[in-house]
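Novice: Counting in full-length UniProt numbering, the sequence shown runs from 1 upward without gaps.
Honestly, the hints are just simulated from the structure, not real lab data.
Ideal placement from N, C-alpha and C gives every residue a C-beta, glycine not left out.
Check the hints yourself; a few may be wrong.
[Claimed, not checked] Pairwise CB distance ranges (calculated):
#1 LYS63 / CYS35: 25 to 35 Å
#2 TRP176 / PRO54: 33 to 43 Å
#3 CYS35 / SER71: 20 to 30 Å
#4 SER25 / LYS63: 34 to 44 Å
#5 THR146 / SER25: 36 to 46 Å
#6 SER72 / VAL137: 12 to 22 Å
#7 VAL137 / LYS21: 11 to 21 Å
#8 TRP84 / ILE43: 14 to 24 Å
#9 TYR102 / VAL162: 16 to 26 Å
#10 SER25 / GLY141: 39 to 49 Å
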Amino acid sequence: MLQLTTDSTPSIMTRFYSTQKLFTSSTKLDTFYFCYCLLHIPITVLIDSALVIPTQWQPSFQKAIIEFHTSSNNDYLLLSPPDWLVVFGWVEILFQLPLFGYAALQLYKRSPTIYPLLFVYGVEAAVTTLCCLLHIVSEGGNHGLTQMEVINLFGVYLPTFVIPLFMAIDVFTREWNSPVNEKKRD
1 MLQLTTDSTP SIMTRFYSTQ KLFTSSTKLD TFYFCYCLLH IPITVLIDSA
51 LVIPTQWQPS FQKAIIEFHT SSNNDYLLLS PPDWLVVFGW VEILFQLPLF
101 GYAALQLYKR SPTIYPLLFV YGVEAAVTTL CCLLHIVSEG GNHGLTQMEV
151 INLFGVYLPT FVIPLFMAID VFTREWNSPV NEKKRD
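Input sequences plus hints: build the corresponding full structure.
Specialist: In structure tokens form, the structure reads like this:
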């Protein structure tokens, strides 16, 4: 809903923002995306950055987190990442990490201008994880994983495929150019 100034023209401050707040029944998905972005910041910094940060530069608490994750889930991709995964790691550090903070802010402000970036993120993250999933299925056994360990590791990675893919599809169907996105999303 546009807020009007006394001269009956849309205010520049309210023109591109929704009046609906997060954490309501009509903004469930944006609230979820907001929380997802905030939660993904420490995951990116503490776990995924290990793809590109040499071990000798990692703080001891990060090494402990990585050790726990890799030993609990037999995540051979994080222990010895293929070159293609290192490239995706740089994309995550240089594109996704700043985007998470910016997206959380724009989602909090209820700005639909974030939707194109969320679409790009969703497609990129889904493609990255799809490559990981395919590698786990095709190469997991060659890395000493049993069938159950392959299934477990697949399950660890699966949400990072499904959520970004769903996000990309969802925001693609929304109005990106609308001054205000008031469409009820349940």
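Novice: Among all the numbered hints in the text so far, which are the ones the structure does not match?
Specialist: Of the numbered hints given earlier, the structure breaks just one, which is hint 7.
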